[in-house]
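S.K.: Chain by chain, the residues:
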Amino acid sequence: MRLAGDLLSTGLQVEERNRFSRLDLNFAFVILALNVIGLINLYSATHGLFSKDRMDLFWMQIVWLSVGWTVYLGITLIDYKVFLRGAYVLYGLNVAALVAVELIGKTSLGATRWLDLGFFRYQPSETMKLVLVLVFARTFANKSFQGGMGLRELAWPVFLLMIPWVLTVKQPDLGTATLLIAIAGSMFLFVGVRRAILIFLVIISAIAAPIVWNFGLKDYQKNRVLTFLSPGRDPRGTGYNSIQSKIAVGSGKVLGKGFRKGTQSQLEFLPERHTDFIFSVLSEEHGFIGSITTLGLFLILWLMSIRIAVQARDKAGALIVVGTLSYMFWHVVVNMCMVIGLLPIVGVPLPLLSYGGSGMLTTMVGLGLISSVAYRRYLF
Amino acid sequence: MNDFLQPSEDEAKEYLPRYRLLYAVIVLATIIISSRLWLLQIMQGSELRQFSERNRVKETKLPAPRGLLLDRENRVLVDNLPGFDASISPQYAKRLEETSDAVGEVLGVPGRRIADDVRKSQRRDGPFRPVKVKDNVPLEEVFRLKLLRWDHPGLSVNESIQRFYSLAQNGAQLFGYVGEISKEQIPKYNDFYQGKYVFESGDIIGKSGLEETWDTTVRGKDGTSYVEVDARGREAPTENSNYFGFQPEPALPGHNLVLTIDKDIQEAAFKAMNRQDSIGPRIGGVIAMKANGEILAWVNTPSFDPNSFSTRIPTQVWTQLVNDPFRPLRNKVIQDHFSPGSTFKPVVALAALQEKVITPNTYVNAPSELKFGRRVYHDAHRASHGNITVAQAIEASSNIFFYKMGIQLGIDRIAPYAKLLGLGAKTNISMAHEAPGLIPTSEWKLKKLGEEWQPGENLSNAIGQGFVLVTALQMAVAYNTIGLEGKVMKPFLIKKVLNQDSKVLQEFEPQVLRDATQPNEFGVTIDPAFFKVVKEGMRRVVSGERGTAVRSRLTGVEMAGKTGTTQVRSWSADEIYKRCDSRPIFQRHHGWFVAFAPADKPEITVAVLAQHACSGAYGGAPIVKDVMQAYFEKYHPEMLKKAEKEMKSLTLKTPASVNEEAE
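Residue numbers (the numbering used here), protein chains in the order written: chain R, 1 to 380; chain H, 1 to 663.
Bound-form chain R, shown alone:
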């Protein structure tokens, strides 16, 4: 009886173990570690003196995390080529959602970014970042460019980029619009662009910059940039957040002030501390040790991703990983630089740490895609 059972299960077990061992567990553990740091930190950020009405956000985040992990595992098991096949459909749907935002979107703080789906607010510009990665991966996967892409090769991808970009700028959501360019640009550069075009772009932007400054930007957007260049010019207004955030980070010193004891965060000197300024809370309460550990975990995540890209079965896989990696990378870099005063204040959340359903889901989908590529890689 026992023997028969063993025999029967051995075959299955080999298969199972095989399937399980192909999961990149280290990759998942790094994500999990960041999740744990994120939750501890979010608890502190949402359970302060003035945050009674925000407490539920912590539990919502746990819900989003559970959904996120389910999606992560699901996507890992699906061949990423399925997503590539559907890339244009996803792209069409996402553009439609962006148009819908324009027509019937939810307005908050002067910007219209969300669609109210009842149980949550869906922000289409957030998912667009990943959909673009898929579309570009599909476009570039079967092509090889000697000496980089020329104008003709670039035309189609740039067109694909411009539609969501214009819609996002209109919302207005400058942070996301910039990130769309950064993600797409990273992929273009990775695939290769002719040197002449790059030089041309540099010259064009040098000419265009003053024109955009004078005619393209709204006053509050100009203010942010000016304030960044000289934070003292309006300390109560636009410079306030930047100064307070720097004070928060610095005052954490080596070990930090302790869990829930950050005066800057808990006494509301930091605005939006559960979303865009979540890293200030962490740096203040857990000091250099805490902030450098978090940054280190992100670095490990990126390096692992590059390794997965190198081992990818095909070009499409590599491109998906590189695209998603640039999504993660730019978010983290822009957010952290903003918090520590290296960039002007733009509304970019920190992946895995900031509160937010759309962001959390998109990030977990992206990581799931990387994991899916890893699952099907060649093992050298």
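Just so you know, the hints here were simulated from the structure itself, not pulled from any lab data.
Each hint should be verified, as a subset may be incorrect.
To be verified - Here are some, though not all, of the chain R residues that point toward chain H, as calculated from beta-carbon distances under 8 Å:
#1 L73
#2 G74
#3 F159
#4 K246
#5 V249
#6 S251
#7 L299
#8 V310
Bear in mind the structure is a predicted one, so any value in this text is a computation, not a measurement.
From the three backbone atoms N, C-alpha and C, an ideal C-beta is built for every residue, glycine too.
Take the given structure of chain R and dock chain H to it, following the hints.
M.R.: Leaving out everything else, chain H in the frame of chain R:
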């Protein structure tokens, strides 16, 4: 399949050289961010830590004083009083036990309890939320606490504003009360006001009555002050500008409301309701309304003292109030609707006259009982009224007469008249939680209950039982309309909105909603002559031989009104004549009396609902009389005096002098 889906290892290798660039960018970015963190947290750490210590420029809210509520003669009804409260900030209270003991000694509270409260709050809300130890600290204790502050960091004594209701229990439901906004209300309010007002926990809002309804007018705008606190939590003077040089923003006080209420009449009405006669203090409400719609008095009993929870209500007191079977928290005059009982008869009389069922001179036989269908309907009287006109039927409150009217009219010919006079719909007076009441129609019943209207129901509804439901305020409006012979006035409570410099921001004028004698949206009109007939009947209710409300007779001023007694439940035939006051209180009848005066040229209408008072004649009429008395003593003393003189001259005439005259 497309060829991009083919695995192509060789092609993937094409990318290999590019990864070096990728590594470089990632590592470079990490190094930049790390160095910046190093600079801020290690190199500048001590300096920035100091900043953050000094940075305890606390933005604190300066609560705006709420606007005052004044009566029609600008006498203050709801006021603000300066007060103090004491609190302890857990973050600074390093020696909590000692501090609690010292504070407890001054306040006469066990120190243990204070320390426990502070610790509990710290666990729940973190160390930064100051814990209120006591509201409304008396002055002598304030001084002693202020001295304690220097030895006990974390202890603070703050100025606060206490809302003071000068009439205490009187009008508690009218003025309402204030309290801290609840956790559930915050998002609701913020959604509703869309940034016009931003509510946070700890904010005081109006929770009922005028305080709630007029909250945004009365609340003002909170200011901000920037208080610099040192590392031990003691406030430093703010004159030397802090790190950012913030300017404080003073609080803008709310607007004052001048009410239509007359404090004297309000007090008379409250006193009248709390009378000590054989029935005892009444449960219910009074509305006194001027003919132009201005509410003079608005009383609900039993009541509560809102001063006792202008800051924080002890849970015990609150549960007691909520569970009180006499429901002291409710605005019974608009929030609860009741069967009008016989007070509905004048309305049916108007319908019958206008619909030509009867003329003013038609005599109808009104025996003591009437058989209709398989049921026998009884009159309240055991003897027959004989043949009577409509005016006499109102005077004697004959049920049988109005049963007959009900049978001939049918509910659908009664309803439009009731609605025309203002019954069965919200009056839209500016007060939250108004009940609409109900004037049924056969269509309504079919739609709502899915049943056909039964002919028998015409009878019960014609005497104000059955489905008909009204509020006391609606009754006042309807009777005022009868008094004015057609003009439906909108009742209102606010005369003016004043700013702090007593400048008038908004003024409310009397408003004629419609004229019942002219064509209107209800599709029926009432002939002015018929109003006169009904008024005559109502005059006799008070002054006539067979009148049911002779107890409200006022010498010098003639009133017109109607009593009503409504059954709380139906009784079997043998029980129906049982003495009402021998029953348990919640089974006793409700009593109504609604009247206007002077009968020929009305100035004031008073509606009284006395729950479980057994009858309108005993329960309601004496109260109306007291309120009327107060009104005419104040506004027309000459009328009362003249009558008094006449009375005196009558009684002074001795038989002898009469004889002399005879001679």
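S.K.: Let me make sure I understand: some of the numbered hints might not hold for this structure. Which ones are they, in numerical order?
M.R.: Numbers 1, 2 and 3, in rising order.
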